[in-house]
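If you read the sequences in order, they're chains A and B.
FYI, my numbering numbers position 13 of the first sequence as 13, with every residue one higher than the one before it.
FYI, my numbering numbers position 133 of the second sequence as 133, with every residue one higher than the one before it.
Treat the hints as calculated values from the structure; they're not laboratory data.
Incorrect hints may have been included.
Stated by the list, open to error - Some chain A residues well away from chain B (every beta-carbon gap over 12 Å; in silico):
id	residue
1	Phe75
2	Ser97
3	Phe117
4	Val156
5	Ala209
6	Leu302
As the list claims (entries may be wrong) - Straight-line alpha carbon distances no greater than 30 Å define the calculated DSS-like cross-link-like pairs of lysine-lysine that follow:
id	chain 1	residue 1	chain 2	residue 2
7	A	Lys73	B	Lys210
8	A	Lys73	B	Lys170
9	A	Lys276	B	Lys210
10	B	Lys301	B	Lys210
11	B	Lys509	A	Lys73
12	A	Lys276	B	Lys491
13	A	Lys276	B	Lys170
14	B	Lys491	A	Lys246
A virtual CB, placed ideally from N, CA and C, is assigned to each residue, including glycine.
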Amino acid sequence: MKSKKRQREDVALTAVNRNIFWDKKNQLAYGMIAPAFLILLFLAIGPMFFMFVNAFRTWKLAVPAPPRFSGFKNFLNLFQDLRFGNAFTNTVILMASGIIMQSLLGLGIALLLKKPFRLRPVVMALLLIPVLIAPVVTGLNWKLILNDIFGPLNYVLGSLGLGQPLWISSNRFWGLLSILIVDTWQWTPFVALVLLAGLEGIPNQVYEAADVDGAKPLMVFIRVTLPLLRPMFVLIVLLRTIFIFKIFDPVMILTQGGPGTATETLSLLTYNTGLKYLDIGYAMAMGVLQIIFMIILANIFLKFTTSSKISAQE
Amino acid sequence: MNNHERGDVQSNWIQRFGHTFHFEEETMSLRKMLFGIVCIFLVFSFVTVCLAGTKEKEEKPTETAEMAVKPGTKINVFVDGGINVFPFELFKDRIKEESGIELILNPVAQADVYTKLKNEFVSGTGAFDLVVFFPMLLPEFVNMGNLRPMDDLLGVRDPKLNDIITPYRKLYCEYEGKLYALPYDGDLHVYYYRKDLFAHPEEKTNFKNKYGYDLAVPDTWKKARDVAEFFTRKKGKKLAGEVLKNDFYGNGMLLGRGWCKFEWMDHFTAYGGIYFDENFKPMINTQAGLKALADLKEMTKFAPPGILSWGYMENRGSFLSGNLATFILWTDLFKFSYNKDESVVAGKVGIAHIPGAMVDGKLQYKATMPFGRVLAITSTTKHPAEAFWVASYMSQQASIDFCFDPRTGEDPFRYSHVNAPDKLAKYLGDFSQGEVPVSDCKNYLDAIKANLEKGYPDLSIPGSNEYMDILDLYIHKALSGEMRDKEALDKVAEEWNKISDSLGFESQKAIWLSQLGAWKELGYVD
Numbered sequence: 001m002k003s004k005k006r007q008r009e010d011v012a013l014t015a016v017n018r019n020i021f022w023d024k025k026n027q028l029a030y031g032m033i034a035p036a037f038l039i040l041l042f043l044a045i046g047p048m049f050f051m052f053v054n055a056f057r058t059w060k061l062a063v064p065a066p067p068r069f070s071g072f073k074n075f076l077n078l079f080q081d082l083r084f085g086n087a088f089t090n091t092v093i094l095m096a097s098g099i100i101m102q103s104l105l106g107l108g109i110a111l112l113l114k115k116p117f118r119l120r121p122v123v124m125a126l127l128l129i130p131v132l133i134a135p136v137v138t139g140l141n142w143k144l145i146l147n148d149i150f151g152p153l154n155y156v157l158g159s160l161g162l163g164q165p166l167w168i169s170s171n172r173f174w175g176l177l178s179i180l181i182v183d184t185w186q187w188t189p190f191v192a193l194v195l196l197a198g199l200e201g202i203p204n205q206v207y208e209a210a211d212v213d214g215a216k217p218l219m220v221f222i223r224v225t226l227p228l229l230r231p232m233f234v235l236i237v238l239l240r241t242i243f244i245f246k247i248f249d250p251v252m253i254l255t256q257g258g259p260g261t262a263t264e265t266l267s268l269l270t271y272n273t274g275l276k277y278l279d280i281g282y283a284m285a286m287g288v289l290q291i292i293f294m295i296i297l298a299n300i301f302l303k304f305t306t307s308s309k310i311s312a313q314e
Numbered sequence: 001m002n003n004h005e006r007g008d009v010q011s012n013w014i015q016r017f018g019h020t021f022h023f024e025e026e027t028m029s030l031r032k033m034l035f036g037i038v039c040i041f042l043v044f045s046f047v048t049v050c051l052a053g054t055k056e057k058e059e060k061p062t063e064t065a066e067m068a069v070k071p072g073t074k075i076n077v078f079v080d081g082g083i084n085v086f087p088f089e090l091f092k093d094r095i096k097e098e099s100g101i102e103l104i105l106n107p108v109a110q111a112d113v114y115t116k117l118k119n120e121f122v123s124g125t126g127a128f129d130l131v132v133f134f135p136m137l138l139p140e141f142v143n144m145g146n147l148r149p150m151d152d153l154l155g156v157r158d159p160k161l162n163d164i165i166t167p168y169r170k171l172y173c174e175y176e177g178k179l180y181a182l183p184y185d186g187d188l189h190v191y192y193y194r195k196d197l198f199a200h201p202e203e204k205t206n207f208k209n210k211y212g213y214d215l216a217v218p219d220t221w222k223k224a225r226d227v228a229e230f231f232t233r234k235k236g237k238k239l240a241g242e243v244l245k246n247d248f249y250g251n252g253m254l255l256g257r258g259w260c261k262f263e264w265m266d267h268f269t270a271y272g273g274i275y276f277d278e279n280f281k282p283m284i285n286t287q288a289g290l291k292a293l294a295d296l297k298e299m300t301k302f303a304p305p306g307i308l309s310w311g312y313m314e315n316r317g318s319f320l321s322g323n324l325a326t327f328i329l330w331t332d333l334f335k336f337s338y339n340k341d342e343s344v345v346a347g348k349v350g351i352a353h354i355p356g357a358m359v360d361g362k363l364q365y366k367a368t369m370p371f372g373r374v375l376a377i378t379s380t381t382k383h384p385a386e387a388f389w390v391a392s393y394m395s396q397q398a399s400i401d402f403c404f405d406p407r408t409g410e411d412p413f414r415y416s417h418v419n420a421p422d423k424l425a426k427y428l429g430d431f432s433q434g435e436v437p438v439s440d441c442k443n444y445l446d447a448i449k450a451n452l453e454k455g456y457p458d459l460s461i462p463g464s465n466e467y468m469d470i471l472d473l474y475i476h477k478a479l480s481g482e483m484r485d486k487e488a489l490d491k492v493a494e495e496w497n498k499i500s501d502s503l504g505f506e507s508q509k510a511i512w513l514s515q516l517g518a519w520k521e522l523g524y525v526d
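Isolated chain A (complex conformation) (with noise of 0.2 Å):
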C-alpha cells in the first residue's frame, strides 16, 4: 500500500506529465514530428497492419467470395509448399554468392581507386553509372547481351572458342548465374564506392605505425586494412542482403523464374501468388514470413556491428 507522501508525488509527477504533454514548447515538437510520423503511420505500419491480417485470411479475388479468417492454414500450407522451398533456396543462394562476389570485386576496385591517378574522378563518376540506371532497363540490356543466338556475349565467347552457353534459357545454374552476373554488373560499383569511403576514413598515422613496425604490404592489408573496414563490411553485407532478397526486375525479365521454377526468387513468387493468381491471403502470409526472416537476420547482423564498435573499443 502506498503511503499518502507517496501518493502525494505520483499525482505531482502525472500533474507535471500532463503539464509537459500541453506545454507549448512541446505541443510544437509535436507538431514538427506529426507528419512523418502520420506518413509512417499509413505508408508503413498501415500497409504492415493489412498484411498481417489478411495473412490470417482465405482471400481469392478470382471468385466473389468474401474473404474470411482462416487461422493459420496459409502459413501451414506455405511450410508444404515445395515451391515456396524451392523459391527461398534460389533467393538464399544468389544472396550469398551475390554478397561474396560483390564484396571481393568491390574491394578490388575500391584498392585500385586509393591510389590517386589521373583519370580518377572520371572513373569515380562512371562507377556510378549501372547504380543510376533502372534495373528494368538493365534487365532489358543483359537480355539482349546474354540471347544465346545475336548476343554478344556469345559471340565473344564463340570466337574465343569457350562455347556458347544457353545462358537464361538452359537450367537453374546458368539462369541463376546470369541473373547473378547481372546484379553483380549493377551493384558491386555501389559496394566499391562505399568500401572505398571506408578505406579513406582509415588514418594515415596507422599505416605508418605498421611501416615502422615493419609490417609487409599482405600483412598491413590482413591485420590493418580488412579490420577497420569491418563496419563498412558489415554495412554492406546488411545492405546487400535485404536488397537482393527482395530481388525482382532481373529476374522478372531475364528468366521469368524459368525453366520452370528453376530461377523463382521469393519477391517474383510472390508477385505471381498476389497479382497472378491473385491469392491475396496466401501472399500475404509469404510477405509475413519473409519480413520475420529479414528482421531475424537484420538484427544479427546489427548485433555483430554493436560487438565489432565495442571490441574496437577494447
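Given chain A's structure and the hints, the job is docking chain B onto it.
Leaving out everything else, chain B in the frame of chain A:
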C-alpha cells in the same frame, strides 16, 4: 538511499524545476502516447478491414439505357499497348468526327492486362468505360459483376452480330445467354511454312529419297517432325541451291515461360485431349498429354538453341528473317510478312491447318484459339451508350481495315473479313508497294476458315489465368528436364484440383459444364 530519501529528492526536484521534467518520465509519456495512437489506428483499421471484408457485393440493377449518343462525351478505353492499341489510334479521329465521342486511351503491357483490370475492378474506381481483354476472362468478370450486358444497347448502333464468325460470337461474346462483349481480335493458331522451300525441285527429291514419301505440307505431327528434321541445316550447307550464311532450323516453337502451354495444347488436342471431363476431373495427365510432351521434346531437336526462352517475338523475328522453315503462330504473321521493314519472306509464306494425329485410322486435328480480344463495357461506366457506340464501331465498321493492316496485331473475326481476299490483297499491296496475288490472300483466309472449323477454345472459367499458368509452369519444368513428364502432368492435375477447391468446386464445375455444352453445340468436342 532509502525510499523516503529518494522521494524527498524527487519532490524537491519537482519543486525546484516547476514545469521542467525528468527525461525518462517524458520519454515514457511520449511512448505511451504514440503507443496509444498506433493502437487506436490499428483497431480502427482492423474494424474497417473486417467490415469491408465481410460485406457481400450488392447486386446493382442495370439501368435502362439512354440510346442517344451525347457528343463531347469522353470514353476511357483500357487496351493492351503496342500493335493492339494501334487500331484505336487509327480510328480515334474518325470516331470523333462521326459521333463527337472523344477517346482517352489507357494502354498497358499485354502481360499486365489481367492484373491491371482486376485491380481496377476490385477497387471499383470506375476509371474505364470500355475495356479490351482476353475472352477467357469473360466468365470471371461477369460473375464478379464487373461488366454490363449489352443486349439493351443494340439499338445504339448495329454491331451486325450475324456477321461475326459463330464460334467467336458464341464463345467470346456471350455468357449465360446474354451479350457481354463484341470481338476485337479473332486469334487462332495456324501452321506456317516456306512455300519456296517446299516447292524447290532439289529439296523435293532429297526429301523423297530420305523419307520415302513426297515433300508436302504435313498433316500429322509425325510428318511435321520429318519436315523439321529435313530442313535443319548448319551454316555453310546448301538450302534450296544457296549456301547458308547462318544455321537454319526446321521449326520454331513457342516454348518460353508463359508460351509453352499454347504449343503443347496444339499437340494435346490432336490426340483427343480435353481440359476436364464431365465430373470436372482434370484430364491433363492422360496419354494425350504425355504424347504431346514427347512430341514437343522431339521437335526441340530441330529448333534454334535456347528455344525454351522463345516467345512470340523471337519466333516471329526468326521466321521473317528467313531462319526457320516452319512454325505455328497466330494468323497475323501472314500480313507482317509483307512488311518489308522486318520481313525477307514476302510472298514465300504458306499457311495451312495445324498438323494432327491419326486416331483409329482417321486424321484428327484441332487449331487452338489462344488469346483473342473482346470489347466490353464496365458496370461502373456512366456512359454506356457512348461506350457501346465505340465498341460497335470498332468491332464492325473499322474492323476490316485494322484487321488487314500490317501495323496492327488484330486478326479476322467476321465472315465479311474472311470472304474478302481481294480487299486484303489490295491492302497488303498498297502497304508493301508491290503486287500481292489475290490467290495468296484467298489461301490465307481459307486456312483461317479451315482451322476455325476444328477450333479449340481457351479454358474460360473463373481462375483460368491461374489454371493455365500452372499448366504452363509444369510443362516448362518437364521440357527443361526439371521434372519427369508424368510427374509434371500429375502435378498439374493435383494443383488444378486445389485451385478448383479454393474457388468453389461445384460452381466451377457448373461453369465448365456450361462451357462444354457450348463447345459441343459448335461441334468442337464430341
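Minimum Cβ-Cβ distance from Phe75(A) to chain B exceeds 12 Å: holds, 16 Å
query: Hey, Lys301(B) versus Lys210(B), does the alpha-carbon distance stay inside 30 Å?
result: Between Lys301(B) and Lys210(B) the Cα gap is close to 18 Å, so the pair holds against 30 Å.
message: Between the alpha carbons of Lys276(A) and Lys491(B), is the straight-line distance 30 Å or under?
response: holds, 19 Å
- request: Given the hint that Lys491(B) pairs with Lys246(A), test it: the Cα-Cα distance must not exceed 30 Å.
  value: holds, 28 Å
- request: Take the C-alpha atoms of Lys509(B) and Lys73(A), compute the straight-line distance between them, and say whether it is at most 30 Å.
  value: holds, 25 Å
- request: Test the statement that Ser97(A) is away from the interface with chain B: the closest C-beta pair must be farther apart than 12 Å.
  value: holds, 20 Å
field: Straight-line alpha-carbon gap Lys73(A) to Lys170(B), limit 30 Å
entry: violated, 40 Å
task: Test the statement that Ala209(A) is away from the interface with chain B: the closest C-beta pair must be farther apart than 12 Å.
output: The assertion about Ala209(A) holds, with a minimum of 41 Å to chain B.
query: Under the criterion that the straight-line Cα-Cα distance not exceed 30 Å, is the pair Lys276(A), Lys210(B) satisfied?
result: At roughly 48 Å apart (the allowed maximum being 30 Å), Lys210(B) and Lys276(A) break the hint.
- prompt: Within 30 Å, alpha carbon to alpha carbon, are Lys73(A) and Lys210(B)?
  reply: violated, 60 Å
- request: With a cut-off of 30 Å on the C-alpha distance, tell me whether Lys276(A) and Lys170(B) pass.
  value: holds, 27 Å
query: Does Phe117(A) really sit off the interface, with its C-beta more than 12 Å from all C-beta atoms of chain B?
result: Non-interface label stands for Phe117(A): nearest chain B Cβ at 42 Å, farther than 12 Å.
In this structure, the hints that do not hold are numbers 7, 8 and 9, in rising order.
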